[in-house]
Amino acid sequence: MSSPMYRIWAVLLLGGFVLPGLRHVSGIDISTPSTVEAVNGTNVKLKCTFSSKHPVSPSSVTVSWNFRPLNSGADESVFYYHEGPFPPQEGRFKGHAVWSGDIMRRDASITLQEVPPTFNGTYVCQVRNRPDVHGNSGEISLRVVDKASISEIGVLAAAVGGACGIIMVILGIFVAVRHCKKNRMGNDIELHPREQEWKDPTVW
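Letter by letter, the sequence shown follows residues -27 to -1, 1 to 177 in mature numbering (1 follows the signal peptide of the UniProt record, and there is no 0).
Any given hint could be a false lead.
Capping the alpha-carbon separation at 27 angstroms, the derived lysine-lysine pairs in BS3-like fashion look like this [to be verified]: (1) LYS67 to LYS18; (2) LYS18 to LYS120; (3) LYS67 to LYS120; (4) LYS120 to LYS20; (5) LYS67 to LYS20.
Everything labelled a hint here was simulated from the structure, so no lab data went into it.
Quantities reported herein were computed from a predicted structural model and do not represent experimental measurements.
Let the sequences and hints guide you as you build the complete structure.
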C-alpha cells in the first residue's frame, strides 16, 4: 500500500475511534439578560436558564452565582444550589439572595431582595449537570438606581397616552355617527309633512 493511501486509511480509522467519543462531550448552554436595572430598596430577579443534552435532576445539577464588584475586587459568592438551595450565611448578600429557579424547568434564577447601591456589579451564573461540566457562563450587569430611568417612564407614558388617544378617537367616531343619525331622522320628519301638504290639493 502506498504511503499517501496508508495515511488516508490511518486518519479514517483513528477518526472512527475518536469521533464517537467526542459526540458524548457536550456543554451546557446558559442564557441570561446582559443588563438589569433595579430601583434602590426593591427586589430584582436575576434570570438564568440553561439547556443540557443529559437528563436533569436536583441531584445532578449544581448552580453557583458569583458577584464581581465594579472596582474589580475579588469575586464573592452570592448563592449555591445542589439538591436544594444554600443561601449565603455571611457577607453582603446574607438575607438578600433567595432561590427563584426550578431545576426541572432548566431555571437557575435567583432574586435579590431590597437591593442597595453596593450591589452594583456583574453577576455570573454557572451551571453544571453531570456529566456536562463544560459550557459557557451567563453574566448580568446590575445597575441599582434611585428611581426608574427616564426611558422606562417615557415608554409607560407613551403607552398610556396612546391608549387614551385611541379611546378618544373611538368615542369621537361614535358621537359623530349618532349625531349624523339624529340629523337624518330630523330631515325625514320635516320632509314628510311637506310632501303631504303638496299632494293633498290633487287628491279627489
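Quick rundown of the hints versus the structure:
1. LYS67 to LYS18: 16 angstroms, holds
2. LYS18 to LYS120: 17 angstroms, holds
3. LYS67 to LYS120: 24 angstroms, holds
4. LYS120 to LYS20: 21 angstroms, holds
5. LYS67 to LYS20: 19 angstroms, holds
When each numbered hint is compared with the structure, no violation occurs for any of them.
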